[in-house]
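Q: Single-letter residue listing:
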Amino acid sequence: MTLSTDATATAPDVVTSFEDNDKKPCGHGRMLRKEDPRFVRGKGRYVDDVQLPGMLHLAILRAPMAHARIVSVDTSLADAHPKVKLVVTGAMLADQGLAWMPTLSNDVQAVLATDKVRFQGQEVAFVVAEDRYAARDALELIDVDYEPLDPVVDVRTALAADAPVIRDDLEGKRDNHCFDWETGDAEATDAVFARADVVVSEDIVYPRVHPAPMETCGSVADFDPVDGRLTLWSTTQAPHAHRTLYAMVAGLPEHKIRVISPDIGGGFGNKVPIYPGYVCSVVGSLLTGKPVKWMEDRTENLVSTGFARDYVMRGEIAATSEGKILAIRTHVLADHGAFNGTAAPVKYPAGFFGVFTGSYDIEAAHCKMTAVHTNKAPGGVAYACSFRITEAVYLVERLVDCLAYELSADPVELRTRNFIQPDQFPYTTKTGWVYDSGDYEPTMQLAQRLADYDELRAEQAEKRARGELMGIGVAFFTEAVGAGPRKDMDILGLGMADGCELRVHPTGKAVVRLSVQSQGQGHETTFAQIVAQELGIPPQDIDVVHGDTDQTPFGLGTYGSRSTPVSGAAAALVARKVRDKARLIASGMLEVSVTDVEWAKGSFHVTGDPTAAVTIQDIAMRAHGAGDLPEGIEGGLEAQICYNPENLTYPHGAYICVVDIDPGTAQVKVRRFVAVDDCGTRINPMIIEGQVHGGLTDGVGMALMEMISFDEEGNCLSGSLMDYLIPTALEVPDWETGFTVTPSPHHPIGAKGVGESATVGSPPAVVNAVVDALKPYGVRHADMPLTPSRVWEAMRGSATPPI
Amino acid sequence: MQVTMTVNGEEISREIEGRLLLVHFLRDHLALTGTHWGCDTSNCGTCVVQMDGEPVKSCTVLAAMAGGHDITTVEGLEQGGELDAVQRGFMECHGLQCGFCTPGMLMTSRALLDGNPAPSEPQIREALSGQICRCTGYATIVRSVQWAAAEESGSRTTASQGESAGAPEPPAPDAPASEPAAASAGGAS
Amino acid sequence: MQVPAPFEYQRVSSVGEAVGLLDSLGDTARLVAGGHSLIPMMKLRLANFEYLIDINELHGELGYVVTEPGRMRIGAMTRHRELLESAELAAAFPVFGDAESVIADPAVRNRGTLGGSLCQADPSEDLSAVCTTLDASCVIRGREGERVVSMEDFHRGPYETAVGDAEMLTEVRFPIRPNGSSAFEKVERRAGDWAVVSAGAAVWLDGDGAVADARVGLAAVGPNTAGIPGIGEELRGKAPTEELFARAGDLAAEACDPVTDRRGSAEYKRHLAKELTVRALRRSVARIGASGAGTPGAVQGTGGEGA
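Protein chains in written order, with the working numbering: chain A, 1 to 803; chain B, 1 to 189; chain C, 1 to 307.
Read the hints as simulated data drawn from the structure, not as lab findings.
Certain hints may be false.
Covered stretches of chain B, going by a simulated chain A footprint (3 or more residues, C-beta under 8 Å) [said to hold, decoys possible]:
1) 25 to 36
2) 39 to 46
3) 62 to 68
4) 94 to 108
5) 132 to 144
Calculated Cβ distances over 12 Å to all of chain B for the following chain C residues [stated by the list, open to error]:
6) Val3
7) Ala5
8) Pro6
9) Asp23
10) Gly34
11) Ala107
12) Val149
13) Arg173
14) Ala191
15) Arg236
16) Leu244
Note that the coordinates shown come from a computational prediction; the quantities given were computed from them, not determined experimentally.
Beta carbons: idealized from backbone N, C-alpha and C, even for Gly.
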């Protein structure tokens, strides 16, 4: 069995022999994507590609400063622009009761500011004009008089007694406190710490970063005043949830709203929240009676939409002197920006940060978190973070390396010694999470083997003797993905279950309708394969419909790696329902009892006689055709389901990163990266590999260059891709991947989510590698982003936190 | 003002504003929406088209500046109903996910292969270094370009080990899919 | 996407026409060549002009690399890619190839020009450091004719040059001196980013293998790219040793005036000024060796023996 697509392990002069892609699996297996023929022709249809007759264009005027009172807004010059159709201010929206909207975390956020602006880039007014150039021009004609207020920029001073109060819109609010949250057992944890041989503490910052999908956010709203119907094309990862919220906020009946999420140019969590711009386009269309398009520019995307992370963490780990990890505790200061716009299940204000105990069997754990408001953009859960598991894994994997540093232990050995053992699954963590399945050691061993770990350590020793800086970083993660069981998880009261509908047409072709939505993950392929595996209908014959609330059943959308764990399960189960019905029809066709027919992929046959068989296509025709069906069976061959997952799925992985650092310039080069992932049953290995590659690149980006930063006035310093750096092809190596398979026991096909695994697992691997390289300088920790300057400062012992 | 240029082999003439960016001319005036845009500062490269055969960022070229020039967009790659080798390469090697950066990547890859039929991996990475992909991590894009190069040189199907030194590394096939129960034990074999 | 404010677009087909138009339109007009600095600034509305004069048709007239006895002339419209691909230039001044391979990205290099880079006068711009290193002079044409200014005089401050409202940069000239070579070093946070610090160096040796002259140009460590005359004075007449390079590096660190920003701390940049100066000098000297060090006939600017 081939375990890896390890490219560098083979001889460099081996010639290209690309894979045979003509296998066309009827089910799981490597299969080319069904969506690609349109994309490579430039025939994808993204929101900005939507052109409607008479369509107008909307542009948003944004706050130039972080905190200021709005004294006056004069729109008269903009109104007079010959191409301008409409100018709307916060005051005008307030008259309609639309100036504020709920966030996904039961807070409110201004659609357009009325009283104050609370972060640089906040929406203040909008213009609707005949074309996008005129709309942009008219923004310059709006005159806003601001009275500047002191901003709260440094999260560490947000709760100071004299800090300006940002949320004075909230009744009785006298500070910048957002929420407190706690998990684990403080007393038990303290007791374990008190008797531990070794305690290591480290201040660890996960800076604010941004998903920055290549397509920015936008929408086209088309309101038909005659039948009161609103059609909204928008860059959303959750069309159904958005529709329900629009219905609740705007007072439009839900059945009159159609949200279409067409092709989406990457999401990564950035397109989960509802942004003021979407609402503005709806208002613009309501008021003008014309279709209105809003597409934000890159600056707007970076300064105002959902950021990620921004956790300031004090981490502590307790262990025996032999390296048995006993307990972990942490205090987190979380920067939620001006509004609490986190998109996470309501009962989980810190997302799934509670999995910070990692992959280790420990005695106690505790986390205390304080979240605060600052004069920065709202958000927090984005950038493939798996609901804050990125922060949790980074914390624990850095702490374990700090412990290894103090104990002079090998980071692989230390981890392996503390792994949860296979016979402990399902494993309940000290913070209450039930890991469904796992077998960690083989995964770690495979990563070691692919990396040739021992050889790397030998090379490192030689290089260190010569004064060269080489680092080997190890990270092991367990994720909790596939939100989630509706008893525990909802967003604004909407349970996180997923519907699925499957219809087999008379000729045996099928259509499957999903409640989740692809932003590049390849749903049209993967879901066709899931159904194909269950029914034996070739994927080419299965149309996958998604991203349109009129065409699909209700569900909460694609984020948090939930499509395969939740909707994928729904697709498998709905196919099994169809198969169950097909069995009844087959028994009639074969004139035997139901107990005497057997399923072989694609057909039923009489037990003991494979030649007496009917294919699923035969059955489909019979289901729709003339002639009797067995007693009590309706015609047609279709089914629907709403799948409520029993638990989350817990994929895991072992990552090893090799870096070289130029001692003179402190530049870091990622030389190699080995990633071994275990996401349970693998549906399309090609797509899984692609998901992993993308996440690894995110990790290199966050570890080495990405950060949304602010000056003392709260001005965002990362408002363009010139300043917010994303890795290019030159910063990343040729990824080396491998896998193990530990199926999920509760998922119908054993699959676990994988979309965010690499984004979660790779940042600590890269940082651990850099810190490992800097060991000769006595460096135990250095915060991201590890730019040359920050690495150089770490080498000199003068590193500062990136706050 | 009036601007006239050749787009995908066809002479086009339109009345435009002097400030109109080429990317908007293509998308909004000619409905060639395959060319995308992703930033304001010519950093992302999703807008790359070919101007007289050279990749340029169409968000930073005025439509007026393109007057008299020959523009090729992703819609111009397919010839006579046959996909270009780079288009097939991207499909074969999973060189795209969300598809948003893909047109720009394709246009640069095509120009690269036109000038250098057998680029090395570093040359491919360098050629694409002004274009950001947020999904793929680039390795599969590199393989896609290598696939196209091999296809066009006729070596893809006939190549055997060692015949063309310096040729790219093969992406070894992933493990065959198997039922969970069977695969679970074999993970580390 | 952001879009520029309205302006009138004019295209010219000769230098005379461009200068005439500039003369009549005054400071309401701006020349655009590659446009990769100017157009983004106009989109972000950090720069607005009533007229934009497209000089790309002057590529035929001003796109050239010409070697003459004692000097090389490069037309202002020569594009980055042409500079990168010019074998003549690579042989004469390797510093150009070093720098061009790390300036922006290939698509931008297909459009951007030498003249555009110098006229943008960005303190972090690499080609300005190259030209400073090579003691270039700039030919500026106006209605009254041409004038030639040194690089020191060309850049008057950040984003400010000696080119007047009714003038344009047409050519950059580089003196060719025997038995020398050059190199460029840059630290950037990511490919395509502006330099954290970059350094060009050029070294010429005498018949005994001692330094006849040396120049260093730094970018991103002050209001303009900085040439550091003290380095030449320190190195002249001495054998090119590591100790000597280190002294030059110290001089570079002392002479520069970096500020802390998101690319790095001032302290780090000062360190890089030293480190990169040392590396560029070392590579320059090694290249002289590689192309026949000490050979009386070896001439920087002609690609070697007797050309």
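Q: Against this structure, judge whether each hint is valid.
A: To see whether the hints hold, each was checked on the structure:
no.: 1; hint: 25 to 36; result: holds (count 8)
no.: 2; hint: 39 to 46; result: holds (count 6)
no.: 3; hint: 62 to 68; result: violated (count 0)
no.: 4; hint: 94 to 108; result: holds (count 10)
no.: 5; hint: 132 to 144; result: holds (count 12)
no.: 6; hint: Val3; result: violated, 7 Å
no.: 7; hint: Ala5; result: violated, 7 Å
no.: 8; hint: Pro6; result: violated, 6 Å
no.: 9; hint: Asp23; result: holds, 20 Å
no.: 10; hint: Gly34; result: violated, 8 Å
no.: 11; hint: Ala107; result: violated, 5 Å
no.: 12; hint: Val149; result: holds, 29 Å
no.: 13; hint: Arg173; result: holds, 28 Å
no.: 14; hint: Ala191; result: violated, 5 Å
no.: 15; hint: Arg236; result: holds, 38 Å
no.: 16; hint: Leu244; result: holds, 34 Å
Of the hints listed earlier, those the structure fails to meet are numbers 3, 6, 7, 8, 10, 11, 14, in rising order.
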